[in-house]
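Student: If you read the sequences in order, they're chains W and F. Note that the first sequence covers residues 1 to 322 in this note's numbering. Note that the second sequence covers residues 1 to 322 in this note's numbering.
Quick caveat, the hints were computed from the structure, so don't treat them as lab data. Treat the hints with caution; some may be incorrect.
What the hints assert, rightly or not - Here are some chain W residues pointing at chain F (derived, C-beta under 8 Å):
1. N47
2. G52
3. I137
4. L138
5. R140
6. P142
7. L145
8. R266
9. L269
10. D270
11. L275
12. G306
Unchecked claim - Part of the chain W face toward chain F, derived, beta carbon under 7 Å:
13. P26
14. L274
15. L310
We put the CB at the ideal spot given by N, CA and C, even for glycine.
Protein chains: 2
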Amino acid sequence: MTPRIPDFADVVAAAARLGPHIVRTPVMRSPAFDARVGCSVFFKCENLQTGGAFKYRGAMNVLLQLDPQRTPLVITHSSGNHGNALALAARARGMRAIVVIPRDSARSKIAAIEAAGARIELCEPGLPAREKRLAEILAREPAELVHPFDDERIIAGQGTAALELLAEIPALEVISTPVGGGGLIGGTALAARVLAPGIRVVGAEPAQADDAYQSFRSGERRSVNAPATIADGLRGSIGVRNFELLRTHVDDVVTVSEAEIVAAMRVVLDDLKLLIEPSSAVPVAAALAGRLGPRGQRVGIVLSGGNVDLGLCPFLRGDGIR
Amino acid sequence: MTPRIPDFADVVAAAARLGPHIVRTPVMRSPAFDARVGCSVFFKCENLQTGGAFKYRGAMNVLLQLDPQRTPLVITHSSGNHGNALALAARARGMRAIVVIPRDSARSKIAAIEAAGARIELCEPGLPAREKRLAEILAREPAELVHPFDDERIIAGQGTAALELLAEIPALEVISTPVGGGGLIGGTALAARVLAPGIRVVGAEPAQADDAYQSFRSGERRSVNAPATIADGLRGSIGVRNFELLRTHVDDVVTVSEAEIVAAMRVVLDDLKLLIEPSSAVPVAAALAGRLGPRGQRVGIVLSGGNVDLGLCPFLRGDGIR
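Extracted from the complex, chain W is given alone in its bound form (with noise of 0.2 Å):
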């Protein structure tokens, strides 16, 4: 069967299906970042959306197309954000949900997700753990998969992040989100083509989960497995529908180094005073880095979640911080 493709009418009707159902997110700047860059950065917050990432987007895009009396019970796998977010977004919506989540996903990530009311079940590191795990669960109970990334409907969920950005923000010519599964660069893709055709749209990646950059530079879907990057969203890689969509709708894919990515956490803190979860930190990084394109751009970063596991961070374990 052929993968359906969404379109930018998906994500015009994710938006209005989404309705009061999510937090319009702000929009953000800081003139000390414009200073680093030389550019003038709109960061739009969905570290600020409900269950702290964009990832609800699409789940309730998802749900709001179900009906609960039909469908009680859904299911999917995630190293984290997606599972929190099908979670409150299925509790919102009056039914179950199950999330096949690995064990070496944050702390914070698992807690939030069995606060929100779903089943955990740990299975090993690598898509392919995760895929088994969950046929083996869907082989005893019938529940409804919501992958967390190649579903035309996610991808269009997470779309109007983009598109919200584009409508508040006027002539911006560069967009950049990080990219795992390639739900949120495939959404932004499809909003920034028909909202700002001459935008140029780049993907950042960790260079040491970087599928999405080997895919995109060879024409062919490659997939990494299990990859060491601290930037625990974008393990995963990239999606049928989402490769289509990268290599059709997007103009390139930069990548970022470790040091990079914890440095970039932190100019946002500093600046933004937003704590941003690593993941986040990938096209901040590449905008420091200078590989979203020339100084002196208009460029929009959506930031894509906030979900830190604060037991890690010393300074704020009550020692005191001076």
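Using the hints, position chain F against chain W.
Tutor: Showing chain F alone in chain W's frame:
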């Protein structure tokens, strides 16, 4: 000479004067925080103000009333944020600034003031040492003194944050700010008394620097010298005009421990994804401890600033966070 006590009209005039010169900061909410305290809490994000703190409002309100030709040089003493604000406001107005600053202030604040173009004069901690140094300089150089809090123009300017919050969020039952010298709580009380007559105005103070608490309870203005609190913005003692407003317009002053302050910083980072400085965390800590009143209320909190020295935050030094 009897000091002039500002009134509500001064706050309204300041808001009109400040207009486009300041950031109209966002009001943020967090369901997770609301669940912790059993209240609906609205955070006025002055950590996102120009210079990273509410202090820019007061400083700019003074400088917009001075003629840069006739008054090319301004001077102040400040534990950090007021000095930074005055330096930035002076630069914006084409004036020069001298800032007398205690040696024990946060390094990030001193660096920011220098970067903003002010001349730095270091002094020993404590209000008497600051005032002595200021007098020495004023004896040599003619400059307009812009006191950090005991000035009716400063108090009126600081009140514009609460004016915005109360105009945007109806039916608040409590509003709380930190208390250092008393510029913010004084201006807030002026705005609240007219815009929200039944509201309770509560000042929050570190127990280690409880001069306003003691003053409020005893009915006599008291001071503390070089108090040992992590909240470096609140080490000064309450001013003359500020005490008068505290006595007549504020409903209560509550205190919090140092551990409660640090814990509150972490909670805000976790729930709101926002970095706030220790001084800002003081009313948040009071809310978390239930000291702002019973559950079920609508509470406004002014997050006064976000200038934290990230060099002291190990997980952001580039070591990775896992």
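Student: Now, for every hint given, state plainly whether the structure supports it.
Tutor: Going through the hints against the structure:
1. The restraint placing N47 of chain W at the interface with chain F holds, with a minimum CB-CB distance near 5 Å, inside the 8 Å limit.
2. For the restraint placing G52 of chain W at the interface with chain F, the shortest Cβ-Cβ distance is roughly 7 Å, inside the 8 Å limit, so the hint holds.
3. The closest approach between the C-beta of I137 of chain W and any C-beta of chain F is roughly 28 Å, which is over the 8 Å cut-off, so the hint fails.
4. Given the 8 Å rule on beta carbons, the hint for L138 of chain W is violated: about 31 Å separates it from the nearest Cβ of chain F.
5. With a least beta-carbon distance of about 34 Å to chain F, the hint placing R140 of chain W at the interface is violated under the 8 Å criterion.
6. A distance limit of 8 Å between C-beta atoms decides the matter here; for P142 of chain W the minimum to chain F is near 32 Å, and the interface restraint is violated.
7. Restraint check, L145 of chain W versus chain F: the minimum CB separation of about 28 Å is more than 8 Å; hint violated.
8. At a threshold of 8 Å, the smallest CB-CB gap from R266 of chain W to chain F is about 4 Å, leaving the interface hint in force.
9. Because the smallest distance between the Cβ of L269 of chain W and any Cβ of chain F comes to about 5 Å, under 8 Å, the interface hint for this residue holds.
10. Hint on D270 of chain W holds. Least Cβ distance to chain F is approximately 5 Å, under the 8 Å limit.
11. Below 8 Å, beta-carbon pairs count as interface contacts, and L275 of chain W has one with chain F at about 4 Å; its hint therefore holds.
12. About 4 Å separates the beta-carbon of G306 of chain W from the nearest beta-carbon of chain F, less than 8 Å, and the hint is met.
13. Here the hint on P26 of chain W is kept, as its CB sits about 6 Å from the closest CB of chain F, short of 7 Å.
14. The restraint placing L274 of chain W at the interface with chain F holds, with a minimum CB-CB distance near 6 Å, inside the 7 Å limit.
15. The criterion of a C-beta within 7 Å of any C-beta in chain F is met by L310 of chain W, whose closest approach is roughly 5 Å, and the hint holds.
Violation of the numbered hints given earlier is confined to hints 3, 4, 5, 6, 7; the remaining hints are satisfied by the structure.
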